[in-house]
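Colleague: I would like the entire structure built from these sequences, with the hints used as guidance.
Now for the letters of each chain:
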Amino acid sequence: GQQVQQSPSSLVLQEGENAELQCNFSSTATQLQWFYQSPGGSLVSLLSNPSGTKHTGRLTSTTVTKERRSSLHISSSQTTDSGTYLCAIARLTRKLIFGLGTTLQVQP
Amino acid sequence: GPKVLQIPSHQIIDMGQMVTLNCDPVSNHLYFYWYKQILGQQMEFLVNFYNGKVMEKSKLFKDQFSVERPDGSYFTLKIQPTALEDSAVYFCASSLDWGVYEQYFGPGTRLTVL
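Top line first, the protein sequences correspond to chains A and B. In this text, residue positions in the first sequence follow our numbering: the first is 160, and each later residue adds one. In this text, residue positions in the second sequence follow our numbering: the first is 2, and each later residue adds one.
Read the hints as simulated data drawn from the structure, not as lab findings. Treat the numbers as computed from the prediction; the structure is a model and nothing was measured. No residue lacks a Cβ here, since even glycine has one placed at the ideal position from N, Cα and C. Possibly wrong hints are sitting among the right ones.
As the list claims (entries may be wrong) - According to the in silico footprint, chain B covers these stretches of chain A (three or more CB under 8 Å from chain B):
(1) 201–207
(2) 244–254
What the hints assert, rightly or not - For each label pair, taking beta carbons as the anchor points, the in silico distance ranges come out as:
(3) A:Gly-211 / B:Asn-52: 27 to 33 Å
(4) B:Pro-82 / A:Lys-213: 17 to 23 Å
(5) A:Val-223 / B:Gly-41: 39 to 45 Å
(6) A:Glu-174 / B:Pro-3: 26 to 32 Å
(7) B:Lys-63 / A:Gly-175: 46 to 52 Å
(8) A:Gly-199 / B:Pro-3: 16 to 22 Å
(9) B:Thr-21 / A:Arg-250: 26 to 32 Å
(10) B:Gln-42 / A:Ser-210: 46 to 52 Å
(11) A:Lys-213 / B:Gln-65: 26 to 32 Å
(12) B:Pro-3 / A:Thr-221: 45 to 51 Å
(13) A:Val-171 / B:Gln-42: 38 to 44 Å
(14) B:His-11 / A:Glu-176: 31 to 37 Å
(15) A:Ser-186 / B:Thr-113: 31 to 37 Å
(16) B:Gly-17 / A:Thr-224: 46 to 52 Å
What the hints assert, rightly or not - No farther apart than 27 Å at their CA atoms in a straight line, the calculated lysine-lysine pairs in the BS3-like style are these:
(17) B:Lys-79 / A:Lys-254
(18) B:Lys-4 / B:Lys-58
(19) A:Lys-213 / B:Lys-4
Modeller: Okay, structure coming up:
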């Protein structure tokens, strides 16, 4: 089965609402990154958060390593936040294993 | 933030031809990676590279694939010969070192094999 599972698979919000994205993984991770993939396909690293809580701008990620889960909270969503959010982990090796993503649509 | 560049952004070639994808990693980074994403599908690891050597490769990294970084110039992915199933977006990434370091991704090269 999928080593990295993301939920929900899709999400529709009104502008200004908050989003909560989940990432669960099947084995211990030494690295965890959240990415944004635009509708055009380009990939941007949002946060590197293998454990604990990190903030950047309107984004907050909380990773509980021993429970093998991470969340990404987007506050006050904007239409420009629309796209796909990918969670990826790495274990002892450096290869990132990606989830299938959460597709977010923010409506005006 | 740190930027990884990829050249070209798009490449269209005929099946059986050779193609070289170029990546300009972040200047002080030591680890380099290639990932492959078929349209609408999951991003998948191909290979990582350090100190002139392939450290790890996946089943997707076929014998027709090779990587190198001659004299600190571009980090390249060469496919020779290409096949239809090689059509995908190829992303290059780099990281500072081996430990828990963030990987920075380029914008991708969209390869279409006809």
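Colleague: Mind checking the alpha carbons of Lys-213 of chain A and Lys-4 of chain B for me, to see if they're no more than 27 Å apart?
Modeller: Answer holds: Lys-213 of chain A to Lys-4 of chain B is near 22 Å, not above 27 Å.
Colleague: Against the range 39 to 45 Å, how does the distance between the Cβ atoms of Val-223 of chain A and Gly-41 of chain B compare: consistent or not?
Modeller: 31 Å, violated
Colleague: Determine whether the Cβ-Cβ distance between Pro-3 of chain B and Thr-221 of chain A falls within the hinted range of 45 to 51 Å.
Modeller: For Thr-221 of chain A against Pro-3 of chain B, whose Cβ atoms are near 25 Å apart, the range 45 to 51 Å is violated.
Colleague: Mind checking, does the stretch 244–254 of chain A have 3 or more residues with a CB under 8 Å from chain B?
Modeller: holds (count 5)
Colleague: Does the Cβ-Cβ separation between Thr-21 of chain B and Arg-250 of chain A fall within 26 to 32 Å?
Modeller: Once the Cβ atoms are compared, 31 Å apart, the range 26 to 32 Å for Arg-250 of chain A and Thr-21 of chain B holds.
Colleague: Within 46 to 52 Å: is that where the Cβ-Cβ distance between Gln-42 of chain B and Ser-210 of chain A falls?
Modeller: At roughly 29 Å between Cβ atoms, Ser-210 of chain A and Gln-42 of chain B fall outside 46 to 52 Å, so the hint is violated.
Colleague: Do the alpha carbons of Lys-4 of chain B and Lys-58 of chain B lie within 27 Å of each other, as the hint requires?
Modeller: 24 Å, holds
Colleague: With respect to the beta-carbon atoms only, verify the hint that Gly-211 of chain A and Asn-52 of chain B lie 27 to 33 Å apart.
Modeller: 31 Å, holds
Colleague: Take the C-beta atom of Ser-186 of chain A and the C-beta atom of Thr-113 of chain B, compute their distance, and say whether it sits inside 31 to 37 Å.
Modeller: At 36 Å between Cβs, range holds.
Colleague: Please check whether His-11 of chain B and Glu-176 of chain A have a Cβ separation lying inside 31 to 37 Å.
Modeller: 36 Å, holds
Colleague: Given a hinted range of 46 to 52 Å, is it respected by the beta-carbon distance of Gly-17 of chain B and Thr-224 of chain A?
Modeller: 47 Å, holds
Colleague: At the C-beta level, are Gly-199 of chain A and Pro-3 of chain B separated by a distance inside 16 to 22 Å?
Modeller: 21 Å, holds
Violated hints, listed in ascending order, are 4, 5, 10, 11, 12 and 13; each of the other numbered hints is respected by the structure.
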